[in-house]
Every structure is written in structure tokens, then in C-alpha cells.
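A.B. asks: These are the residues of each chain, in order.
Number of protein chains: 4
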Amino acid sequence: MSELRIGLIGGGRIGKLHGKNINTAVPGAKVVSLVEAMLDDGHRAWAAEVGIPKITKDPADIMKDKDIDAVFICSPTDTHADFIIQAAQAGKHIFCEKPIHTDIGRIKEAIAAVDKAGVKLQIGFVRRFDHNHKKVHDTVASGRLGKPHIVKITSRDPEGPPLSYIAGSGGIFMDMTIHDFDMARYLACSEVTEVTAYGAINIDPEYKKYDDVDTAAIMLKFENGAIGLIDNSRAAHYGYDQRTEVHGDKGSVLVGNDLADTSVISTADGVFCEKPTWFFLERYNNAFIAEVIGFVDAINNNKNPPVDGKDGLMAVYIALAAGKSLKENRPVKLSELMA
Amino acid sequence: MSELRIGLIGGGRIGKLHGKNINTAVPGAKVVSLVEAMLDDGHRAWAAEVGIPKITKDPADIMKDKDIDAVFICSPTDTHADFIIQAAQAGKHIFCEKPIHTDIGRIKEAIAAVDKAGVKLQIGFVRRFDHNHKKVHDTVASGRLGKPHIVKITSRDPEGPPLSYIAGSGGIFMDMTIHDFDMARYLACSEVTEVTAYGAINIDPEYKKYDDVDTAAIMLKFENGAIGLIDNSRAAHYGYDQRTEVHGDKGSVLVGNDLADTSVISTADGVFCEKPTWFFLERYNNAFIAEVIGFVDAINNNKNPPVDGKDGLMAVYIALAAGKSLKENRPVKLSELMA
Amino acid sequence: MSELRIGLIGGGRIGKLHGKNINTAVPGAKVVSLVEAMLDDGHRAWAAEVGIPKITKDPADIMKDKDIDAVFICSPTDTHADFIIQAAQAGKHIFCEKPIHTDIGRIKEAIAAVDKAGVKLQIGFVRRFDHNHKKVHDTVASGRLGKPHIVKITSRDPEGPPLSYIAGSGGIFMDMTIHDFDMARYLACSEVTEVTAYGAINIDPEYKKYDDVDTAAIMLKFENGAIGLIDNSRAAHYGYDQRTEVHGDKGSVLVGNDLADTSVISTADGVFCEKPTWFFLERYNNAFIAEVIGFVDAINNNKNPPVDGKDGLMAVYIALAAGKSLKENRPVKLSELMA
Amino acid sequence: MSELRIGLIGGGRIGKLHGKNINTAVPGAKVVSLVEAMLDDGHRAWAAEVGIPKITKDPADIMKDKDIDAVFICSPTDTHADFIIQAAQAGKHIFCEKPIHTDIGRIKEAIAAVDKAGVKLQIGFVRRFDHNHKKVHDTVASGRLGKPHIVKITSRDPEGPPLSYIAGSGGIFMDMTIHDFDMARYLACSEVTEVTAYGAINIDPEYKKYDDVDTAAIMLKFENGAIGLIDNSRAAHYGYDQRTEVHGDKGSVLVGNDLADTSVISTADGVFCEKPTWFFLERYNNAFIAEVIGFVDAINNNKNPPVDGKDGLMAVYIALAAGKSLKENRPVKLSELMA
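Order-wise, the sequence lines are chains A, B, C and D.
For the first sequence, our numbering gives the first residue as 4, with consecutive numbering after it.
For the second sequence, our numbering gives the first residue as 4, with consecutive numbering after it.
For the third sequence, our numbering gives the first residue as 4, with consecutive numbering after it.
For the fourth sequence, our numbering gives the first residue as 4, with consecutive numbering after it.
Mixed in with the good hints there might be a few duds.
One copy or two, either will do: identical chains are not told apart, so a pair holds if it fits within one copy or between any two.
Claimed, not checked - Straight-line alpha carbon distances no greater than 27 Å define the calculated BS3-like cross-link-like pairs of lysine-lysine that follow:
#1 Lys253 / Lys212
#2 Lys119 / Lys67
#3 Lys150 / Lys211
#4 Lys138 / Lys306
#5 Lys57 / Lys101
#6 Lys150 / Lys330
#7 Lys253 / Lys211
Bear in mind the hints are in silico, worked out from the structure with no lab data behind them.
Isolated chain A (complex conformation) (with noise of 0.2 Å):
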């Protein structure tokens, strides 16, 4: 099998992250080309480093490529359909961080861009490759459990992001809790066919400015006839608080963190753990990595990506469903969105 040739689109935090991976841990892949709209200095010399040869403002010229055989889509969220289609277009096999976009016609058209191509779209949501979510799916996937009758997901960033951003970020369910849908569909090996969305401003009365909250509860029904929950915050000072449980008809399975180490600490003031480590980079890591792997695997063996187009949809669904639900303080189901 001949090395993919890969299309960095965009040189930010997750750009890069998903560069320097690629071109050190992932065999069979490599960055050849990235796209920055805001090209400088500092773009150039992290290129340099992690052995990227080209460097270009304009994505066109990676699109026209030849040499390039897949694109990473790692830009703002409004321009991701238009990224999609235009490499679906150009026959390019794609990678697009979450969401695809918020407006689910553009979602489809990006969908069936990639339908018509033939190439492979996958989605980054990363959470199904860490071994600890994986664990769950696949022991719920294996039987072990029987039939799902509950699945929970705490999820809590140790740090708001800036203000700034949060006005653009679609909102917490857009923009956080996305992650949680899809490992909601990902644990209950079901659709979600109705949301009831519970909001709070506990941590930052500004979140009122941009119309939304900074802590939330959220409850699911799966087609299977499993119920969710997840529970959200913005602020947990502990670290990155990421576990998930099913519990089914023969038992229960559940994950907890990763800690930076195992040690205990007992004196007469205590004893003392490690805390989760800090945020997604740390806690994620190697799943980042993975789902590149799983990506290169999808392409080299002709088989569905791990994470799909449908998959992308569908999250976002839902997330409009528990903003609905927030604002009209009802149920919503999925089919009122769909209709």
C-alpha cells in the first residue's frame, strides 16, 4: 500500500494537533500540503517542523493537488460543507472535525456531495477512540450486557473556553455536548428518538449575553427503548471529567478517568489521589491518533469510516433537538426536526 497523501485545511490548535500526529505517529499517512487562510511566520516554522513541505493561503491549490489523496478539514465549522463538497468534488477522500455544520440542509448537501463522489468522509469524533469509551461500546456491542436500558455520560470541561468564543460557538449543546450525542448513539448501539433539555448559568451570569448556559442535564430516548442521561459543565477545576455507563438487562458497565498517575498519599491530614488530567489534549491523545489510523484503515481497505457522514448528521440532530427543548421546556422529538 502506497503512503496517503494528506491536505492539512487549517493550521490551528486542532490543525496542528492532527499535523504533528499524523507525520509522527500515524504509518502510512503524511501531511504533504497545509492551507492557512491567516498564513505567518509561526505556521511556517511548525511546517517546517513537523516536515510539511507545502504551505499555501489558498485551498484551491490542494483541491487541484494531484499528489493529495485526502483532506483534513480542520477550519472554522461555517466553512466546513463548502470544504467537503468542493473535495468530494475534486475526488478527494475527506477527514472533518465536528460538527459539520449547524444548519442540517447544508449538512446533506455536504452528505450527498460525498454520496455522488465515491470518497470517504469521516468525522472527528474523537471520544469513540479513547479506550476507555470503547471499552463501554464494546461491551454493550458484544452482548455481554444484553439489551441497554441505561446509558449515562458525565462530561465536564475543567475551563470554560473565552467569552469570545462562545459567541460563536452555536451554543453549549452545539458545541460541547455534540461530543456526548454522538457517544450517546455510540454506547446505546441506537438512534436517539427524543430529547428533554434541562439549563442552568451556574459558573458565569455572561453566558446569559449569548443566550446560553453553562451547565446542563439532558435526557434521551433510544430507539431501543434504553434511557439517557448526560450531564454537562463548563467548570470542573478537577480536570476533564469524562465517564460514561451502560447499564443493561445482566449487568452494568461503566469507565472512569485517566489520572496522570496511580499513586496514594496517606497522612494523618488524608489521603491524597491524582487528579483527571487536565483537558482533551491529555486525555485524548492517543485517541486522536487512533481515529487517524481508523481513517487511513477505511480508505487503504475500502470499508465505511468509523465515524460517517450519517454519523455527523445525526449528532447534530440532536443538538438542535436539546436546543429546542431548552428553550420550550418540553420533549422534543428527533422526527419534528426531520419532518
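Knowing the structure of chain A, use the given hints to seat chains B, C and D on it.
C.D. replies: For chains B, C and D alone, coordinates are given in the frame of chain A:
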């Protein structure tokens, strides 16, 4: 302080539990009389064994007995309010198992009688006396975590009761979740204002006959801005699963289950730990003793009982709201029921 | 089966512990008489409280009391052998606190008297009845791990006894480690053949005056080929640290400490858990009850007591060998002492 | 700082591990040349894959290569001292796998050559760089626990090496426990003064042929008054068991194993957790990278290497003392060997 002399109403499972605890493990209190409507030789033998000298079928024998300071009401739920009123009128302190009644009007009558008589009334929400849940409450109440944002309660029974019991149970919220509703108020240190309940029949299709569910999830809003999540199952085959958690301004506190022992067995086949203690008799054994010690202390030192009539009333309001929410598939404010 | 009637010799800390346990928590047994050489009003009040009708200064009162079936010897160590012999001659079953004596000859005399009289003798190695250590033993005894290879015991007190106590304690091996020596035999399911002991004074230089140490490590060889390691400290300020482990052909089993609760508190300052229960009264409370139940069962069902005279003898042999090893800085075979 | 250019001596398992780590995960260093006496196509393919341009059978090619700053000695143990001396004379910094040699005289020669040349010498005691063990050391070194009293090391391999390997291994103390001897010095922050070793053949009777044991326990005395206990097994079928602990004046610190994930699966059959990571490649993967980063840092910033020649020498002294102790069944002071 002289010994508190107690009349026990009801010689069923919970009555026997209290009777034995009081006469073997609670200093300064003694059950001196048992009332049991269905009196048989088994009751007589048990009473002799635990040292209860008097035994009768007629509750009036206790009510008029000048030698009795307090009554323990462990009879069927629909008799609780009547016995409370009778005991209050007789000037006796009252410990009453949960719930006081399923009818708000009868609860209010009972509380009014207690208030008029100036006796103590304690309701049997035993979980408040569990070392684990109490630690969560105490941590929150201490202010160490700041304002509570999220309250989580997992409450799963190892196995459901007989279906015959389900018929007269008042439904899962009144029978089982009512403990969690009280726990929610206790842990959040705040009143519940709104409830949304989801329910499903995942374990036994027979629950449909009783218009009941065997799996439930409930979201709560609290006066202090916190959000609550409860999940219930009638069948966690690995044991009684009772975990609580509060997340607040400065961090979180959570407690897990007590295990039969701390063993870890590691072999080529895997790593094996102990299951949670089997059910409430095992898990809350010490809590049952502690709640009676609290009752005796409230009487001897003229303090408000640790779980009072209002606590009994509020839990029923929440249970009724949850039932209404499940039936009408919408959030239900407690104020709707209080009007 | 009629009630076992017990005479209690010694109204100190351990005597009171047994007396209260028997009269409140052990069905089928009752302490009916207390012997205390230094009898005072405190003893009288305590006896009244726990329901012991007779009280005397003279052990002979118990020995000749036809109404008494068994004695509990909780007096100072140097009186144990004498009381065993007197009780055996009086035809009474005997529960004796550890150690039987520090002199092998006296122990043998005591056991001979017991054998001749055909009464039961149980020694108070209470840790065998702890749910945790018992689980290790039972796992080994079941054969699940195959042949034992390594036996590990961590045994640390939260704080040392008063120096006045050290003076007459017989030294750390006879006073404290003797429990671990018994545990070693119990967990390895094999006899100890050789001992090497290391000791140090790390906590309090005053131990030097008493020719004793406050920190110790001991290696053991067992008949079955297993090797044992014990570590002791007189001061683990975080609580009573009692952990055991066996590694064998097919894997290992280990047990940790019981904690006051299962709480985990997570804040920006760290993650805090509970300390082990403070000392032996807290950790082994249920074990003290279980050992008496075992004693009553052995008598009622004519079984060998769960910890017998030979167990008492062997632990003293190991303690003596450890003392000799520490003094002479060499491995000491038990056969040297048995010759 | 310019890149550190490295010559790698030995293309076996450990050599390949370092080669790959350096060229993919250690910034500022690069293996530019591989020496392998038994050079074959596999070595060539591997060198190409990890980007090592030069490959040779002759170590002299590296020693005289002006382009090379440092050597990694990953050849058989009996060649280590010779290569250290040659590299030192050639003015190259040296990273040498453990042990330096099994002969004290040869070790001293090697260290003398290093001292004379003024180059850096680091020994591959990789466990010092494990996040867990380092936490124990750092906690002790910080003084948080006061003076160390007891140091405990559990070190068990999941499976023994081939018997052919045992023949030339130098015995369990020189081959396996040597890591623990270094760890003991590292964790106690003190020198070992005396060793008593117990050994047994519990796993494979063939060890007898090689005058070796497969199960061992060792007690250590340290200069600072602490006592150490090590237990070893060649076969812990549940995985690589690597736990350390220090108990001191003010409390204790301990670390357990890293697990594959944090899952807990609870069913009627029991509660199942993950096993420790399988063996040293899995457990110490990050530590292998960290030790090389430490080596590069020592060179670039002219610091003493984190594990130096004296550390290499002392571990061998302890291993020799342990061997002598096992053979003669007596405590052996290191001073006996140093005379």
C-alpha cells in the same frame, strides 16, 4: 435521661428490623410493646427473642398506654396518617416509615395533628444516615464545594419486588424513587421546583398491567439553580447500586457502593473484585440504627428530628409530580400541585 | 441448644470488648460473671450496663461455678497459662487472648491440661475473622491460585502504645507481629520453617531503652516452598494499615483496608479519599464478634476451634525465632527452638 | 542547540526500541548509525524504516566517526564495559543498558575511563522515569513524608524468559532484581548497606539446573535507617506487576500498576476490572522515551546524567550481595564486597 419506651406498630420485615435494632443496638430506648393486626406465633416468638414483653392486636392498647413515650409506625402505607394522628393526640412521639401517605391532604392532616400536639415526628428516609450519602451532604453543606450545580443519584435495586407488591406500591416513583427524591433535597440543600420523568419497561413486560415502569430517569430543577439527575432500575443483578454525587463551584464529591470486602483477585482470566452489598438490609444496616439514635436524640434533647414531616411531605410532592410528568410527557412544576 | 454461660476473666479494654459483644451481638452465649482483680466502681457500672449479674475479684469463684460453661481469659499475658490450666481442670471451655504465654514450656503445659480435660481452647487471633483477610485465606485454600509462592503482610499501627506498655510487652514480635505470624500461617496454609528479622528504631529513640524496635521487616520460609514478607510500623499516622496478599501459581489475591466511607472529593487542590479506619477496634469490630460466634459453634457442635492451641503455640515459636534472628542478625530455623 | 547524533550499538529488541524512540519521539536527537555484529536484512529494513542512514558490523566505524556525539550500548552485557571504554576514549557520550558488567573490576575500569574522558555516562535504569515510581521518589525527596522507614517493591514478570536465556542471565538478582535494587536506592534516597535474600523454585524446576531461582524475597538495610522489602516472581500470569511504596515519619506513598483501561463491569457473576499492562514494553513505553530525553538534556546542559555510573555500580554490588546471601543463607553487608 430515662429510657425512651417505644410501642411498635407492625411486625413485618421493617417492623422487625427496627424492633431488633432498638432492643440490641440503640442505647436509651426499648420497644416494650408490639401491635400486629395479623398476630401469629411467629410474632410472639420474635417478640420474646428480642425482649418485647407486651404484644397486642389493637393499636389502641399502645395509644392509651401511659408507659409508652413514642411509637414506630411500620404498618402498611395507607394506615400511616391515621396512626400518626392517633399517636399525636395521645401525646406520643412518632417515627413513621415512608411515605406518610400518597395523598397530600392526608399528609397535611397528619402534620397538623403533630404540630398541634407538639410531639416529634420523624420520617424513615434512612439513606440520610448512610455514612456515604451523609458524607456527600456534609461536604456540600460545609460549603467546601461552593454552590451546587449538578446533583446525581444512581439508585438500582438488585431485583424487583414480586408483581403482587407492584400492584399496591403506588408506582416506582412513590415506592422506590421517593428515597431518591428525599436524597436529592438532602444533597442539594435546596428545594425541588420542577420535575421531568422518563420511564421505560425494559425488565418485565408485566409492569404494563400496573401502569408502572421498571426503568426510570428523572431530571430536577432546584431553587438554588442546581440541576438533578436520577436513574433507577428495578434489576441490577450485581447488587444494590446506590451512588450519589454533587458537582459545584469548586469541585465535586461522589460516593460509591460499599463492597463485601476489598479483595482484588488477579489471574490470566482477569481481575475480579467484590460486588456491592446485596440489598438495603446489607447496605443500610448501620443507617437504620443511626436514624433511630437520631430520633431518640431529638426527643431527649428537644431538637427538630433529622427528617421531619415537611421532608415527608416534599418527597411525596416530587413523586406525584414525577408521575404526572411521565404520564403527560412534560416538565411538571411542583407549584402546579401545591396550588 | 442451651445458652453458653461464660465467665469473663479481666475487665480491661479487651475484656470489656468481648463482654459487650457477647451480651449484645452473639446469639446463644452470655457472660454471667466477671472476675477482675482490681475491681472498682467503673467495672461494676459497666457490668450492670451490659447485663453481667455476678462480679468478683477471685477467679476461683468462676472456676468452681457449676453454672459456667466457658471462660474468656482477658487478663495480663503472664496469667494466661495458669488460668487455662485451672479452667481446663474445672472442665470449662476456654477462649484465651494472645499470646498464651511467652514461654514455650508454659504453653505446652497449658495445652496438655486442655487435652487431658478434653475441653475446647481457642486463641484470640481475631484477624482470621476479618472479612478481608479471610477472603485471602479462602481464595488460597480453594486452590484457585494454585500453590502459594509469596505471602505479604503489611501491618502498621496508627500510633504506638505508651512507653510504659512497651516495657512489659515482650517486644514488637511477641506483642504486635504475633498477629502477623499467625496470619502468615493462615494465609500460606502452611507452617513456617525459618525466620529472618530486620528491625530499626525510626519513630522513638526511647525504644532503645527497652531493647525493642518500632519498625520491622521479617522474611519467612514455609514448608510448602512459599516465601513470606511482613512489614511493621508502630506509627502510620494515617490509620491502621492492614493489607495482605498471596501470589501463587495462577495469580494473586490481595486485600486493602476498610475505609470510613467511599467518598472521592475532587477540587483544584487535588483528589481526596478517606483514610483507613483508625485502629483495631474499628477495623476488627465485626471480626471480634465473628470469632466468638466461631467459639460458640465449636463448642455446640463439638468441632475443633477455628484457632486452637497449636496455632497459639506456633505463633509464639515464630515470634521467638524472630527475636533471636534480630538479636543475632541471622536466619533462625524454628527447628532450633523446637529441639 | 544542534542535534545530538547517535551511534546505536546493538540491533536487538532493546536496541530497536531505543532507535525507534529516538528517531520518532525524542526532539533534538537522531540515531545516524547502527552497529550490529550479526547484521542481516531484517536489521537493514528496520534501519530504513526508522531513518538510520548508516549501518555496519564494526563498532570501530562508530567510534571513529567524527559525526557521532554519543553511543547507545545495547549489545550483550559482557561487551558493555569494553564499549564504554572505547566510546569514552573516542570522546563520545554514552548511554549503556544495565548492568554495566557483572564484574566489579570491569565496572570500575569503565567508570574510570568515562571520568578521564569527561564524557557523560547514563545507565538504563528506565523505571526511574516511570510516572508512577517517579511520583514515589519525588514525594519522598520533597520531604512530605519525613524520613523513610520502610521501602517496598513488588516486581513480578508476567512470564519467565526462555530457559536458554536464564543460562546466561547472571541469575535473577543480576538480571531482574537489579532494576529493583536501583529502584530501592532511588526511592529510599539512601544507600543500601546490607542484604538478606531468600529464593525458591516454585514455577519451573529447570531453574535448578542453572543454580537460579524463580521466586525471591529480599530485605535491605539503608544508611538512613530505613528497611527495604522486595518480592519477585518470574510468572505473574495476570501481567507485569510493578508496585512501589515508601512509608515514613508522616505517612506513606504507594503506586499501583497502569491498567489497559478504567472499566468496571458488574454482573451477577462478579465485578471485573482490567489487568495491568502486559510487560515492560507496554508499562514503560513512555519511560523509555523520558530516559533518553534526560540523557540528551544532561549533555546539552552539561548536567550529571539522571542515572550515572555510580548508580550502575551500586546496583551490581547489591545484586552480588544478594547472590552471596542466598548462597550462604545469611545477611551480607555491602562492605564485605567493597573491601
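A.B. asks: It remains to establish, for every hint, whether it holds in the given structure.
C.D. replies: We went through each hint and held it up to the structure:
1. Lys253 / Lys212: Close across copies (24 Å), not inside one copy (46 Å); limit 27 Å.
2. Lys119 / Lys67: Cα proximity of Lys119 and Lys67: one copy only (18 Å, versus 61 Å across).
3. Lys150 / Lys211: between (40 Å within a copy, 18 Å between copies)
4. Lys138 / Lys306: within (22 Å within a copy, 44 Å between copies)
5. Lys57 / Lys101: within (25 Å within a copy, 44 Å between copies)
6. Lys150 / Lys330: For Lys150 and Lys330, the Cα distance is within 27 Å only across copies (24 Å; inside one copy 33 Å).
7. Lys253 / Lys211: Intra 44 Å, inter 21 Å, cutoff 27 Å: inter-copy only.
Figure legend: structure checked against the earlier numbered hints; every hint is met.
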